[in-house]
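Heads up: the sequence lines are chains S and P, in that order.
If you read the first sequence in the numbering used here, its first letter stands for residue 1, the second for the next number, and so on.
If you read the second sequence in the numbering used here, its first letter stands for residue 1, the second for the next number, and so on.
Hints may contain errors.
[As the list claims (entries may be wrong)] Short derived list, chain S residues pointing at chain P, Cβ under 7 Å:
id	residue
1	Gly42
2	Leu43
3	Gly52
4	Arg55
5	Phe69
6	Phe106
7	Gly109
[Said to hold, decoys possible] These stretches of chain P come out as covered by chain S in the derived footprint (C-beta under 8 Å, 3 or more residues):
id	region
8	60-67
9	70-83
Think of the hints as simulated: they come from the structure by calculation, not from any bench.
Being a predicted model, the structure only gives us computed values, none of them experimental.
Glycine included, each C-beta is placed from N, C-alpha and C at the ideal position.
Here is how the chains run, residue by residue.
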Amino acid sequence: DSGVTQTPKHLITATGQRVTLRCSPRSGDLSVYWYQQSLDQGLQFLIQYYNGEERAKGNILERFSAQQFPDLHSELNLSSLELGDSALYFCASSERLAGGPDEQFFGPGTRLTVL
Amino acid sequence: AQTVTQSQPEMSVQEAETVTLSCTYDTSESDYYLFWYKQPPSRQMILVIRQEAYKQQNATENRFSVNFQKAAKSFSLKISDSQLGDAAMYFCAYRSARGGGSEKLVFGKGTKLTVNP
Chain S
1 DSGVTQTPKH
11 LITATGQRVT
21 LRCSPRSGDL
31 SVYWYQQSLD
41 QGLQFLIQYY
51 NGEERAKGNI
61 LERFSAQQFP
71 DLHSELNLSS
81 LELGDSALYF
91 CASSERLAGG
101 PDEQFFGPGT
111 RLTVL
Chain P
1 AQTVTQSQPE
11 MSVQEAETVT
21 LSCTYDTSES
31 DYYLFWYKQP
41 PSRQMILVIR
51 QEAYKQQNAT
61 ENRFSVNFQK
71 AAKSFSLKIS
81 DSQLGDAAMY
91 FCAYRSARGG
101 GSEKLVFGKG
111 TKLTVNP
């Protein structure tokens, strides 16, 4: 158990719908990362938040957005869902920004299926 | 942009034998970190081993060791005395040491390791 929690574990929805994925980082971790794992694209970085502020953006679609709240939990919002958005979405957290090989601890992921 | 390449989509090894998984990367940076992550069927991402680019000594964690060749931009993982529980997808990952929003992990496509009894 990494200490990072993600809900829900599984999500099945229809095209055009909107969903929210939730992540609670390890206690004390200020940085949260979102990654998408799909069969064709592999593991890709989406977005990073640090202490409530957006830190870095990767290959995140405009239909996707995220935020980190004062209690440090984060939510990833996916809207106008398409079949190709079906994937495993991971949240990871780490304590510090830089200064060492700060390990990113991964949550168990949310499996999203768009029908 | 940095890229990570794992040229072996699948590998197999006999239980108790040794196997080496390959990884190459491309970067113009001189300071960075490299990681191997394991993803078993449960889908959980588990850190296996890490290497700091400024350290010449290869990292070792029990049965897992790396061969880090900075000039060749190569970072292979050796698993000794393979066990059935080692069966998983293995991902090589790169992380810049630059900071300033560069903390993301860049992953390779993965190598599926099968351990035969």
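Checked hints:
1. At a threshold of 7 Å, the smallest CB-CB gap from glycine 42/S to chain P is about 5 Å, leaving the interface hint in force.
2. For leucine 43/S, the suggested interface contact is upheld, since its CB lies about 4 Å from the closest CB of chain P, less than 7 Å.
3. Restraint check, glycine 52/S versus chain P: the minimum CB separation of about 15 Å is more than 7 Å; hint violated.
4. For arginine 55/S, the suggested interface contact is upheld, since its CB lies about 5 Å from the closest CB of chain P, less than 7 Å.
5. With a least beta-carbon distance of about 20 Å to chain P, the hint placing phenylalanine 69/S at the interface is violated under the 7 Å criterion.
6. Hint status for phenylalanine 106/S: holds, given a least beta-carbon distance of 4 Å to chain P, under 7 Å.
7. For glycine 109/S, the interface hint holds, the least distance from its beta-carbon to any beta-carbon of chain P being 6 Å, beneath 7 Å.
8. Evaluation of the coverage hint for the region 60-67 of chain P: breached, as 0 residues show C-beta separations to chain S shorter than 8 Å, against a requirement of three.
9. Here's how the region 70-83 of chain P fares: 0 of its residues keep a CB closer than 8 Å to some CB of chain S, so the rule of at least three is not met and the hint is violated.
Taken one by one, the earlier hints fail for this structure at numbers 3, 5, 8, 9, listed in ascending order.
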